[in-house]
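Protein chains: 2
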Amino acid sequence: MAKASICTIGDEILIGQIVDTNSSLLASHLGGLGIIVSSMCSLPDRESDIVSILSRELENNDIVITTGGLGPTKDDITKKSLARLFGASGWRQDAAQLEINRAILHSRGLDLLEENLAQSLVPDCCEVINNEYGTAPILVFHKGNKFLYCLPGVPHEVCNVLAKVMKHIEMHFHCPKTIHRNLMTFGLAESALSKKIEDWETSLPPYIHLAYLPNTLSGVKLRLSLYDATKDGEEELERRYSSLKAILKDEIYAEGESSLQEEIAKLLCGSTETLSAAESCTGGKISELITGIPGVSSFYLGSVTSYAISVKEKVLGVNDATIEKYGVVSEEVAEEMARGVRSLAGSTYSVATTGLAGPGGDGMNPEGTVCIAVDGPLGSRSRRFQYKNDRKRNIERFAAAALDMLRRYIIEARTTPRS
Amino acid sequence: MAKASICTIGDEILIGQIVDTNSSLLASHLGGLGIIVSSMCSLPDRESDIVSILSRELENNDIVITTGGLGPTKDDITKKSLARLFGASGWRQDAAQLEINRAILHSRGLDLLEENLAQSLVPDCCEVINNEYGTAPILVFHKGNKFLYCLPGVPHEVCNVLAKVMKHIEMHFHCPKTIHRNLMTFGLAESALSKKIEDWETSLPPYIHLAYLPNTLSGVKLRLSLYDATKDGEEELERRYSSLKAILKDEIYAEGESSLQEEIAKLLCGSTETLSAAESCTGGKISELITGIPGVSSFYLGSVTSYAISVKEKVLGVNDATIEKYGVVSEEVAEEMARGVRSLAGSTYSVATTGLAGPGGDGMNPEGTVCIAVDGPLGSRSRRFQYKNDRKRNIERFAAAALDMLRRYIIEARTTPRS
Numbered sequence: 001m002a003k004a005s006i007c008t009i010g011d012e013i014l015i016g017q018i019v020d021t022n023s024s025l026l027a028s029h030l031g032g033l034g035i036i037v038s039s040m041c042s043l044p045d046r047e048s049d050i051v052s053i054l055s056r057e058l059e060n061n062d063i064v065i066t067t068g069g070l071g072p073t074k075d076d077i078t079k080k081s082l083a084r085l086f087g088a089s090g091w092r093q094d095a096a097q098l099e100i101n102r103a104i105l106h107s108r109g110l111d112l113l114e115e116n117l118a119q120s121l122v123p124d125c126c127e128v129i130n131n132e133y134g135t136a137p138i139l140v141f142h143k144g145n146k147f148l149y150c151l152p153g154v155p156h157e158v159c160n161v162l163a164k165v166m167k168h169i170e171m172h173f174h175c176p177k178t179i180h181r182n183l184m185t186f187g188l189a190e191s192a193l194s195k196k197i198e199d200w201e202t203s204l205p206p207y208i209h210l211a212y213l214p215n216t217l218s219g220v221k222l223r224l225s226l227y228d229a230t231k232d233g234e235e236e237l238e239r240r241y242s243s244l245k246a247i248l249k250d251e252i253y254a255e256g257e258s259s260l261q262e263e264i265a266k267l268l269c270g271s272t273e274t275l276s277a278a279e280s281c282t283g284g285k286i287s288e289l290i291t292g293i294p295g296v297s298s299f300y301l302g303s304v305t306s307y308a309i310s311v312k313e314k315v316l317g318v319n320d321a322t323i324e325k326y327g328v329v330s331e332e333v334a335e336e337m338a339r340g341v342r343s344l345a346g347s348t349y350s351v352a353t354t355g356l357a358g359p360g361g362d363g364m365n366p367e368g369t370v371c372i373a374v375d376g377p378l379g380s381r382s383r384r385f386q387y388k389n390d391r392k393r394n395i396e397r398f399a400a401a402a403l404d405m406l407r408r409y410i411i412e413a414r415t416t417p418r419s
Numbered sequence: 001m002a003k004a005s006i007c008t009i010g011d012e013i014l015i016g017q018i019v020d021t022n023s024s025l026l027a028s029h030l031g032g033l034g035i036i037v038s039s040m041c042s043l044p045d046r047e048s049d050i051v052s053i054l055s056r057e058l059e060n061n062d063i064v065i066t067t068g069g070l071g072p073t074k075d076d077i078t079k080k081s082l083a084r085l086f087g088a089s090g091w092r093q094d095a096a097q098l099e100i101n102r103a104i105l106h107s108r109g110l111d112l113l114e115e116n117l118a119q120s121l122v123p124d125c126c127e128v129i130n131n132e133y134g135t136a137p138i139l140v141f142h143k144g145n146k147f148l149y150c151l152p153g154v155p156h157e158v159c160n161v162l163a164k165v166m167k168h169i170e171m172h173f174h175c176p177k178t179i180h181r182n183l184m185t186f187g188l189a190e191s192a193l194s195k196k197i198e199d200w201e202t203s204l205p206p207y208i209h210l211a212y213l214p215n216t217l218s219g220v221k222l223r224l225s226l227y228d229a230t231k232d233g234e235e236e237l238e239r240r241y242s243s244l245k246a247i248l249k250d251e252i253y254a255e256g257e258s259s260l261q262e263e264i265a266k267l268l269c270g271s272t273e274t275l276s277a278a279e280s281c282t283g284g285k286i287s288e289l290i291t292g293i294p295g296v297s298s299f300y301l302g303s304v305t306s307y308a309i310s311v312k313e314k315v316l317g318v319n320d321a322t323i324e325k326y327g328v329v330s331e332e333v334a335e336e337m338a339r340g341v342r343s344l345a346g347s348t349y350s351v352a353t354t355g356l357a358g359p360g361g362d363g364m365n366p367e368g369t370v371c372i373a374v375d376g377p378l379g380s381r382s383r384r385f386q387y388k389n390d391r392k393r394n395i396e397r398f399a400a401a402a403l404d405m406l407r408r409y410i411i412e413a414r415t416t417p418r419s
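Chain order of the listed sequences is A and B. Residue 399 in my numbering sits at position 399 of the first sequence, with consecutive numbering throughout. Residue 140 in my numbering sits at position 140 of the second sequence, with consecutive numbering throughout.
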């Protein structure tokens, strides 16, 4: 199997100004091709370091991918270092990239100036993959069987040129066929999931790998991977995948890559059913997650963030006697909030939260308590949860728990015959 | 000046499962001590790699900091590798960490088991800095003048032990006095800011460094740094800092580290004034940003996310004739939304957004258009903005622009004599 190294060039990484997200993205795509990432490193914008570290990485690997260090001001250092490393005898203008750059500048209302010419100037010993999303082209150098890909550092440019780079790698290296199968689960923590599928996991053949990928907002993703796939291996993977689905049934909310809000959007888009939300402790997070998906205006009517008790009472119609009797953080108040916003917006479904994200409890409930209610054709449902995180993560957990309750409710309502 | 290397240990980084945020955090704190980070790298959970790469990094640097590779299952590999690298002759139980671990497990309702003892077992040749936030202590190895700090990988644990580690470094290395002075600006892009302060910047003495640190939500932070500070240098820094403030006046919203929502919270906390919001295209983002700050319930009453026109009309009282005449994305509708939510919540101030985050425009307005209104004692103010980003970044820019308008309005209202 081919080995790769990912190198980030740029002082801004080493001084901690920027978190590098490119390396992780590149690594997961290389993994998808069955290529092992043996190391990652960050180097400064200094020619001697670039030449010595990249030489070392080329020695130890088949593929080296660099990102960054190609900005208009730093341009010369990285390209010059690579020209030296690979023994270029001169420079040439890349006509296709020059045209792209002219068009990009034009769309910003700018003319191509002398100093812009340098961006499409490349060492004569490298191949070019054009970058349609930025002014620095991808440079491909090779020495014997080894390849170095030099990419820009801007994350959305890396994202957009990724497919072309991976295709080039696939053409030049043996990429064992690799198959990944994902299941999105919600409701059980990693340890509880692992307990539940213990027997299944122990009996996995050694060539099928299982990874637990937990995320506060989207639950635990289970990824089954088969490297160097054969036909028999593929069939076995499908069998194991099916038996895993059968064990986890209710915990699974999607196959492949997804999120709770995307699943809710899939359920409601194109139907005549609509949704609204009432948020107290989640402060707008549920609404922000739903409206992060394009096209939700077809079913999402809106929400009320009722941070103050007065808004709960005046806008959502929560009864002050309910608050008096059960407290603001109670299943009863959550239910009245859900009913209130549903009637206010005139939606088919609604979801509501009231709780304490922290820091600090309210005397009756500890920090991390949340009461969630869902309302709709089946009436009100509510539940109390207790989490133990900091404010930011508590808010995320509350929102995710609310979305999961809502998703389950919609599915139940759809499959329950109306009387 | 001392040189440092930051090494991340763990397969989960190399397969792209996790984005490493620890290195960036550590680098910025080392920079604060005047220590140069010369390289960063990620290595797999394999003893031979750990020993060889850490040896190499120790050779080239004065300080090596590792994070990760200390989980209960991977425990042995990193600690064993370090014990080998530094020639430990045996292991010892760290009594203080053992007690901490017992307490942590107890708070989760668990007893300390045989297998938990391994977490507080450390090589006999290292010093221990206790970790109060997790079960793996920080190990400090040294060889001659060189130090290696072995930290856990969980970001919130790194965050919490950071101060202790930096203090240890300060005690053992000459840390040139470094002074940073920050100004938070909003409203001008990096290029426009740079144009505005061009003369000031050109005249900076070579020992004072300026960095532009842009962020979608909080604008451009300007950081002035003085390394190896002398008394004269410090005085000069203060003079330059003051003259920069004088040039940028209106663009500056805070000194030090801050965000627009924190500045709004500072203005309103402890006053009798209150706030509400009406969000269409920002979908809850403004509310989420404000409620991300603890203690805002003293002034923040809540918001209405009016995604559907029916909610704009029914809940916020927007006139259908206004929508008919000016379109939903208009300054007129934004103003009616702001007035509507202010009267509904009974707040002193309100802010409202209506726009198109994309993908796609509405025929009249292109994607990236937003109309923002603020309402309060000075009456309604509104403005139209045009951005060119993807949906996620457009929503962030809209929310930030709205918070900045609101902040400026509150300040103006405070300084305008009431008639």
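Some hints could be false.
Since the list gives no way to pick out one identical chain from another, each pair is judged satisfied if it fits inside one copy or across any two copies.
[Said to hold, decoys possible] DSBU-like cross-link-like pairs, simulated, lysine-lysine; straight-line CA separation at most 35 Å: (1) Lys231 - Lys80; (2) Lys388 - Lys164; (3) Lys196 - Lys80; (4) Lys314 - Lys3.
These are computed hints drawn from the structure, not numbers from a lab.
Taking 35 Å as the upper bound on the Cα-Cα distance, should Lys388 and Lys164 be classified as within, between, both, or neither?
For Lys388 and Lys164, only the inter-copy Cα distance (25 Å) is at most 35 Å; the intra-copy one is 44 Å.
For Lys231 vs Lys80, is the C-alpha pair at or below 35 Å within one copy, between two copies, both, or neither?
neither (47 Å within a copy, 41 Å between copies)
35 Å Cα cut-off: does Lys196 pair with Lys80 within a copy, between copies, both or neither?
Close across copies (32 Å), not inside one copy (56 Å); limit 35 Å.
With 35 Å as the alpha-carbon cut-off, assign the pair Lys314 and Lys3 to within, between, both or neither.
neither (63 Å within a copy, 61 Å between copies)
In summary, the structure is inconsistent with hints 1, 4 from the numbered list given earlier, while agreeing with the others.
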